[in-house]
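Q: Please take these sequences and the hints and turn them into a complete structure.
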Amino acid sequence: MVVGTVVGNIWATRKEDDLTGLKFLVIEPEPTYAEASSRSRFIAVDRIGAGVGDQVMVTKGTSASFISTEFKLPIDAAVIGIVDSIEVERGDGRV
Amino acid sequence: MVVGTVVGNIWATRKEDDLTGLKFLVIEPEPTYAEASSRSRFIAVDRIGAGVGDQVMVTKGTSASFISTEFKLPIDAAVIGIVDSIEVERGDGRV
Amino acid sequence: MVVGTVVGNIWATRKEDDLTGLKFLVIEPEPTYAEASSRSRFIAVDRIGAGVGDQVMVTKGTSASFISTEFKLPIDAAVIGIVDSIEVERGDGRV
Amino acid sequence: MVVGTVVGNIWATRKEDDLTGLKFLVIEPEPTYAEASSRSRFIAVDRIGAGVGDQVMVTKGTSASFISTEFKLPIDAAVIGIVDSIEVERGDGRV
Amino acid sequence: MVVGTVVGNIWATRKEDDLTGLKFLVIEPEPTYAEASSRSRFIAVDRIGAGVGDQVMVTKGTSASFISTEFKLPIDAAVIGIVDSIEVERGDGRV
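Residue numbers (the working numbering), protein chains in the order written: chain E, 1 to 95; chain B, 1 to 95; chain X, 1 to 95; chain R, 1 to 95; chain U, 1 to 95.
Since the hints were made in silico from the structure, they are not lab data. We put the CB at the ideal spot given by N, CA and C, even for glycine. Do not take every clue at face value.
Said to hold, decoys possible - Between beta-carbon pairs, the in silico distance windows are:
#1 THR32(X) <-> VAL88(R): 29 to 39 Å
#2 THR13(E) <-> GLY51(R): 40 to 50 Å
#3 GLY51(B) <-> VAL88(E): 39 to 49 Å
#4 THR69(B) <-> THR20(U): 32 to 42 Å
#5 LYS23(E) <-> THR20(X): 42 to 52 Å
#6 GLU87(R) <-> GLY51(X): 40 to 50 Å
#7 GLY49(X) <-> GLY51(B): 29 to 39 Å
#8 ASP84(U) <-> THR20(E): 46 to 56 Å
#9 TRP11(R) <-> THR13(E): 34 to 44 Å
#10 GLY49(B) <-> GLY21(X): 32 to 42 Å
#11 ASP17(E) <-> PHE71(X): 23 to 33 Å
#12 SER85(U) <-> PRO31(X): 45 to 55 Å
#13 GLU87(E) <-> VAL88(X): 43 to 53 Å
As the list claims (entries may be wrong) - For lysine to aspartate or glutamate, the following EDC-like pairs were computed, each having C-alpha atoms within a straight-line distance of at most 16 Å:
#14 LYS72(E) <-> GLU70(B)
#15 LYS72(E) <-> GLU16(E)
#16 LYS72(B) <-> ASP84(X)
#17 LYS23(U) <-> GLU16(X)
#18 LYS72(R) <-> GLU16(R)
#19 LYS72(X) <-> ASP17(X)
#20 LYS72(U) <-> GLU70(R)
#21 LYS23(U) <-> GLU87(R)
#22 LYS23(X) <-> GLU87(U)
#23 LYS72(U) <-> GLU28(U)
#24 LYS72(E) <-> ASP17(E)
#25 LYS72(U) <-> GLU30(U)
#26 LYS72(R) <-> GLU70(E)
#27 LYS23(E) <-> ASP84(B)
#28 LYS72(U) <-> ASP17(U)
#29 LYS23(E) <-> GLU16(R)
#30 LYS23(X) <-> GLU70(U)
#31 LYS72(X) <-> GLU16(U)
#32 LYS23(R) <-> GLU87(E)
#33 LYS23(R) <-> GLU16(E)
#34 LYS23(R) <-> GLU16(U)
#35 LYS72(R) <-> ASP17(R)
#36 LYS23(B) <-> GLU70(X)
#37 LYS23(E) <-> GLU87(B)
#38 LYS72(X) <-> ASP18(X)
#39 LYS72(B) <-> GLU16(B)
#40 LYS23(B) <-> GLU16(X)
A: Right, here's the structure in full:
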């Protein structure tokens with residue numbers, strides 16, 4: 001999952017039927033937690049009530065659609081958690 | 001999802017059977033909303049009536065095939081919405 | 001989907017059982033339609049009769065395996081169409 | 001799979017229901033085993049007891065969700081093994 | 001699929017249950033056939049008997065897990081063929 005911040009909303013009246021009622025957010029990935037090739041904004045579906053300014057965990061790819069058990073949603077990114085805290089230690093591993 | 005603009009059409013008479021009748025569009029991702037490694041054009045299936053000049057949301061990857069509940073379409077990109085508006089605020093998060 | 005040209009063939013006698021009989025092609029993506037990070041050659045399965053020199057549409061990722069309804073093929077790229085023509089207009093969108 | 005080291009933890013009280021009780025780790029990929037575009041940290045679910053400092057194998061993408069047979073977890077990365085040892089020889093192949 | 005060479009082995013005693021008994025290989029992608037962003041080593045499961053020095057075709061992503069019909073393996077790369085030969089012609093297409 002990537003960590004990012006909600007920076008906006010996007011609206012689309014004309015869309016695929018299964019997506020009616022879903023909220024679409026603009027996400028800005030955090031440089032430290034986003035892959036070099038993925039630092040641009042992207043759109044994610046949110047069902048847990050995230051809003052502008054929230055730091056969130058986002059799942060990308062097909063498994064994002066698993067937030068719905070009813071429909072196979074044609075989406076590729078979903079907010080799965082609002083971050084409380086991140087605690088990073090310097091690992092003593094081989095990195 | 002990425003945000004892009006429809007810039008053209010592509011035709012292929014000889015194709016996988018399940019794809020007969022589908023419309024294939026050439027999409028140009030918007031720099032701000034596309035990943036650094038994904039700013040080139042790509043082909044997406046459209047079922048909601050998007051046309052050249054439309055600003056659209058596009059789902060990439062396997063979940064693009066979920067626009068069909070009948071077939072498991074062998075496609076990796078689908079237009080899922082025609083954008084009405086995008087509203088971006090500067091988040092007060094840790095970004 | 002990406003647009004590319006078939007530039008060769010690859011053979012493997014010893015392979016996963018479900019893949020017996022499938023044709024594997026070497027694909028060279030077209031710079032304009034391939035993502036910056038994906039301009040190198042890759043291998044795709046073909047069932048529609050594409051050959052060296054053909055311009056093709058290729059689906060990448062898990063949905064490539066949907067070209068078979070019998071087996072869940074362990075493949076990540078499949079030729080889905082032989083391109084007849086591409087028509088690109090300058091979009092009047094916000095790009 | 002990529003090889004990385006566990007460098008921290010992340011907590012999110014408010015999250016998608018199916019994710020309750022799961023442990024989320026911050027992973028730092030090892031430069032030699034991580035793709036050029038994927039050397040930044042990311043978040044992975046762990047069920048096998050990995051902790052800070054452990055060298056781990058991580059599955060990325062939808063198949064990460066297969067660690068659960070009960071739920072279709074909306075996650076895109078999972079720790080699948082704690083590395084004992086890696087043995088690399090110079091291949092005599094065409095590389 | 002990407003073409004690469006097997007350069008080593010990796011062992012993990014503590015791992016996800018479904019993975020017991022599987023062989024994990026270190027793969028080095030061939031520059032010509034690997035995407036620019038994917039030229040680093042990665043780990044792939046092998047069931048067809050590939051060994052160090054073998055030139056192999058590797059499927060990446062969720063469809064790698066389709067090498068098993070019994071389990072939904074939480075893996076994202078699998079060796080699907082040992083390469084006999086590659087024949088590349090200069091295509092007369094528009095590339």
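Q: Does each hint fit the structure? Answer for all of them.
A: Here is how each hint holds up against the structure:
A C-beta distance of roughly 38 Å is found between THR32(X) and VAL88(R), which places it inside the suggested range of 29 to 39 Å. Remark: the range hint 40 to 50 Å for THR13(E) to GLY51(R) is upheld by a beta-carbon distance near 48 Å. Our hint of 39 to 49 Å for GLY51(B) and VAL88(E) holds, since their Cβ atoms are close to 47 Å apart. Between THR69(B) and THR20(U) the CB atoms are about 36 Å apart, so this pair conforms to the stated range of 32 to 42 Å.
Roughly 47 Å separates the CB atoms of LYS23(E) and THR20(X), a value that falls within the hinted 42 to 52 Å. The supplied range of 40 to 50 Å is met by GLU87(R) and GLY51(X), whose beta-carbon atoms lie about 42 Å from each other. For GLY49(X) and GLY51(B), the hinted distance range of 29 to 39 Å is satisfied, since their beta carbons lie about 31 Å from each other. Our hint of 46 to 56 Å for ASP84(U) and THR20(E) holds, since their Cβ atoms are close to 52 Å apart.
The given range of 34 to 44 Å is respected by TRP11(R) and THR13(E), whose C-beta atoms sit roughly 37 Å from each other. Between GLY49(B) and GLY21(X) the beta carbons are some 40 Å apart, a value that agrees with the proposed interval 32 to 42 Å. Judged by the Cβ atoms, the range 23 to 33 Å given for ASP17(E) and PHE71(X) holds: they are separated by roughly 30 Å. With their beta carbons about 27 Å apart, SER85(U) and PRO31(X) fall outside the hinted range of 45 to 55 Å.
Taking the beta carbon of each, GLU87(E) and VAL88(X) are about 50 Å apart, inside 43 to 53 Å as hinted. Between LYS72(E) and GLU70(B) the alpha-carbon distance is near 12 Å, which keeps this suggested pair within the 16 Å criterion. For the hint linking LYS72(E) to GLU16(E), the alpha-carbon distance of about 12 Å falls within 16 Å, and the restraint holds. In summary, the hint linking LYS72(B) to ASP84(X) is not supported, as the alpha carbons are separated by about 24 Å, beyond the 16 Å threshold.
With a C-alpha separation of about 15 Å, the suggested pair LYS23(U) and GLU16(X) falls inside the 16 Å cut-off, and the hint holds. With a C-alpha separation of about 12 Å, the suggested pair LYS72(R) and GLU16(R) falls inside the 16 Å cut-off, and the hint holds. For the hint linking LYS72(X) to ASP17(X), the alpha-carbon distance of about 12 Å falls within 16 Å, and the restraint holds. A threshold of 16 Å between alpha carbons decides the hint, and for LYS72(U) with GLU70(R) the separation of about 12 Å falls inside it, so the pair holds.
Our distance criterion of 16 Å between C-alpha atoms is met by LYS23(U) and GLU87(R), whose separation comes to about 13 Å. Distance check on the hinted pair: LYS23(X) and GLU87(U) sit about 13 Å apart at the alpha-carbon level, within 16 Å; holds. At most 16 Å may separate the alpha-carbon atoms for a hinted pair to count; LYS72(U) and GLU28(U) exceed this at roughly 25 Å. Distance restraint check for LYS72(E) and ASP17(E): the Cα-Cα separation of roughly 11 Å lies within the 16 Å cut-off, and the hinted pair is therefore satisfied.
Of the pairs offered as hints, the one joining LYS72(U) and GLU30(U) is violated, with about 29 Å between alpha carbons and a cut-off of 16 Å exceeded. The suggested pairing of LYS72(R) with GLU70(E) holds, with an alpha-carbon distance near 12 Å, which does not exceed 16 Å. Between LYS23(E) and ASP84(B) the CA atoms are separated by roughly 14 Å; this keeps the pair inside 16 Å, and the hint holds. For the hint pairing LYS72(U) with ASP17(U), the CA-to-CA distance comes to about 12 Å; that is within 16 Å, so the pair holds.
At most 16 Å may separate the alpha-carbon atoms for a hinted pair to count; LYS23(E) and GLU16(R) meet this at roughly 15 Å. Restraint check for LYS23(X) and GLU70(U): the C-alpha separation of about 26 Å exceeds 16 Å, so the hint is violated. A threshold of 16 Å between alpha carbons decides the hint, and for LYS72(X) with GLU16(U) the separation of about 22 Å lies outside it, so the pair is violated. Annotation: proposed proximity of LYS23(R) to GLU87(E) holds, straight-line Cα distance about 13 Å (limit 16 Å).
At most 16 Å may separate the alpha-carbon atoms for a hinted pair to count; LYS23(R) and GLU16(E) exceed this at roughly 34 Å. Of the supplied pair hints, the one linking LYS23(R) and GLU16(U) holds, its CA atoms being roughly 15 Å apart against a limit of 16 Å. A hinted pair counts as satisfied when its Cα atoms are at most 16 Å apart, and LYS72(R) with ASP17(R) qualifies at roughly 11 Å. At roughly 26 Å between alpha-carbon atoms, LYS23(B) and GLU70(X) are farther apart than 16 Å, so this suggested pair is violated.
For the given pair, LYS23(E) sits about 13 Å from GLU87(B) by alpha-carbon distance, which is consistent with the 16 Å threshold. A threshold of 16 Å between alpha carbons decides the hint, and for LYS72(X) with ASP18(X) the separation of about 8 Å falls inside it, so the pair holds. For the proposed pair LYS72(B) and GLU16(B), the alpha carbon gap of about 12 Å is at most 16 Å, so the pair holds. Distance restraint check for LYS23(B) and GLU16(X): the Cα-Cα separation of roughly 34 Å exceeds the 16 Å cut-off, and the hinted pair is therefore not satisfied.
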